[in-house]
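Using the sequences and the hints, build the whole thing.
2 protein chains.
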Amino acid sequence: MDKLTDRQREVLRFIADHQEKRGVPPTLEEIRDHFHWRAIGTVQDHLRGLARKGYLKRGRGARRLEVLRDPESVFPDDDGTWTPSYQERRRASGRVSLIPVVGEVAAGSPILAVENVEEEWFLDRKLLRGDDNFLLRVKGESMTGAHIRDGDYLLIRPQAVAENGEIVVALAGDEVTTKRFYRHRDRIELRPENPAFDTIVYRRGDEEVEIIGKVVGVLRKYR
Amino acid sequence: MDKLTDRQREVLRFIADHQEKRGVPPTLEEIRDHFHWRAIGTVQDHLRGLARKGYLKRGRGARRLEVLRDPESVFPDDDGTWTPSYQERRRASGRVSLIPVVGEVAAGSPILAVENVEEEWFLDRKLLRGDDNFLLRVKGESMTGAHIRDGDYLLIRPQAVAENGEIVVALAGDEVTTKRFYRHRDRIELRPENPAFDTIVYRRGDEEVEIIGKVVGVLRKYR
DNA sequence: TTGACTACCATATATATCTATGGTATATTA
DNA sequence: TAATATACCATAGATATATATGGTAGTCAA
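Chains A and B, in that order, are what the protein sequence lines are. Numbering-wise, the first sequence is residues 1 to 223 according to the working numbering. Numbering-wise, the second sequence is residues 1 to 223 according to the working numbering.
Note that these hints are calculated values from the structure, not bench results. Note that the structure is predicted; figures quoted are calculated from it, not measured. Please note that a few of the clues may not be correct.
One copy or any two copies: either way a pair holds, since identical chains are not told apart in the list.
Stated by the list, open to error - With a cut-off of at most 16 Å between alpha-carbon atoms, the simulated EDC-like pairs for lysine to aspartate or glutamate come out as follows:
1. 126 x 17
2. 221 x 166
3. 139 x 152
4. 221 x 17
5. 126 x 152
6. 53 x 66
7. 221 x 152
Encoded structure:
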């Protein structure tokens, strides 16, 4: 069982992540682009290396990569499978829900949210509030004061109203952002939790502000 | 939300199963062969139908099919409850694990960890790393600089070693704490991420420091 | 009876994707 | 010092895969 080089490990990591997130392995071109290489041959070299060392299985045709062993993620069984007992299966059903990650939300300057299901997470229902919860990936640093980091996943409960001080996801025009919500008589404020960013203020007559939902949870994954 | 024909349902079913079993969506040829058709155009017809009715998303390139809605997976019933289908249960099992919350961990002055299972959470296995992960509830404010708050749940991967800078859960004497880990030639440092707390330094001859595990995730629930 | 949809077949063509080959430069090991 | 492996670049060409187009036949509703 040969050791991997750093670069090979990175490539394997990318393939495993891509498989996990998008549901399909990447093409060679996608790997090349991810690492900002110019030559497809570079990808071939790495794949050959990974296959030779027994970490990757290749097939012919498009997207025919299979991660055999992932140095960073260990599976329960030797063969990479996991066989849940009947009991375990029964316990799981009814206690988890499949929650979609519908895109990114800006914690910083508002960006367009990409509203399509990128991946799905099973979440314990204890974490959920009400129906139709969904997840958004945080992009940006404006809510670090509330301990929400770039890359965190926010669990959102859809609702059109919010209390002052609650953290919400809001739509202004067609831009989505997450901020702390404050409503005054004459205006609505969306306050970041980072002195480097400005509060966004909306007054009557300005463009519409729509609250998409309230942040009811945070998920973070360290690499 | 248009109804599917029987044939369309079968095709969608095949695509979903293929994705689940092989990890990749099928090619049009594979779909054709599965149904013993001779013409690839037949597959195209069905894919068009499924896409038009909103059950399937297509991309350009090979194996770019994504099942959006699976008619066999059940959504909340009228009474608000949720009856998972056999399919959904199958998908869930194997994708979640039951993770125990084994007590509290100090992010502040070390306190005794109460090592008994208080509750259990189902977590998506994408969140886990390796075996025997467990959860600890954070007590204290010393890791707020790393955006870990009082009341958060830490997902721990048991391991006895750690890299410099990683956030770990460590046992010193019989007190458990979470800190950033640094090993130097002559000493081990457990650094908080809050200027109000002091770094804990262990030298040779001092009492033992044992790393219980590494923090691989964070879960937070707002009330 | 016309139109719209389904469910097939058949073939040509475009393009996405992978393979093959050969090059450079730099480490590491024998 | 030669041999080997890594880590990249560049390009030609093969092949896997998808799209476009145009058939036939059956069903169903207007």
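Exercise. Using 16 Å as the alpha carbon limit, work out where residue 126 and residue 152 are close: within a copy, between copies, both or neither.
Key: Between copies, since 14 Å is at most 16 Å while 19 Å is not.
Exercise. With 16 Å as the alpha-carbon cut-off, assign the pair residue 221 and residue 152 to within, between, both or neither.
Key: Both. Shortest intra-copy (7 Å) and inter-copy (13 Å) distances satisfy the 16 Å Cα cut-off.
Self-check item: Copy assignment of residue 53 with residue 66, given that the CA separation must stay at most 16 Å
Solution: within (13 Å within a copy, 32 Å between copies)
Quiz item: Between the shortest in-copy and the shortest cross-copy C-alpha distance, which are at most 16 Å for residue 221 and residue 17: within, between, both, or neither?
Solution: Classified as within: same-chain Cα gap 13 Å, cross-chain 26 Å, threshold 16 Å.
Exercise. Using 16 Å as the alpha carbon limit, work out where residue 221 and residue 166 are close: within a copy, between copies, both or neither.
Key: Classified as between; 13 Å across copies, 24 Å inside a copy.
Practice problem: Using 16 Å as the alpha carbon limit, work out where residue 139 and residue 152 are close: within a copy, between copies, both or neither. | Solution: Within one copy only: 8 Å inside a chain, 21 Å across chains, cut-off 16 Å.
Self-check item: Within, between, both or neither, where residue 126 and residue 17 count as close if Cα-Cα is 16 Å or less
Solution: between (20 Å within a copy, 10 Å between copies)
Checked against the numbered hints above, the structure breaks none of them.
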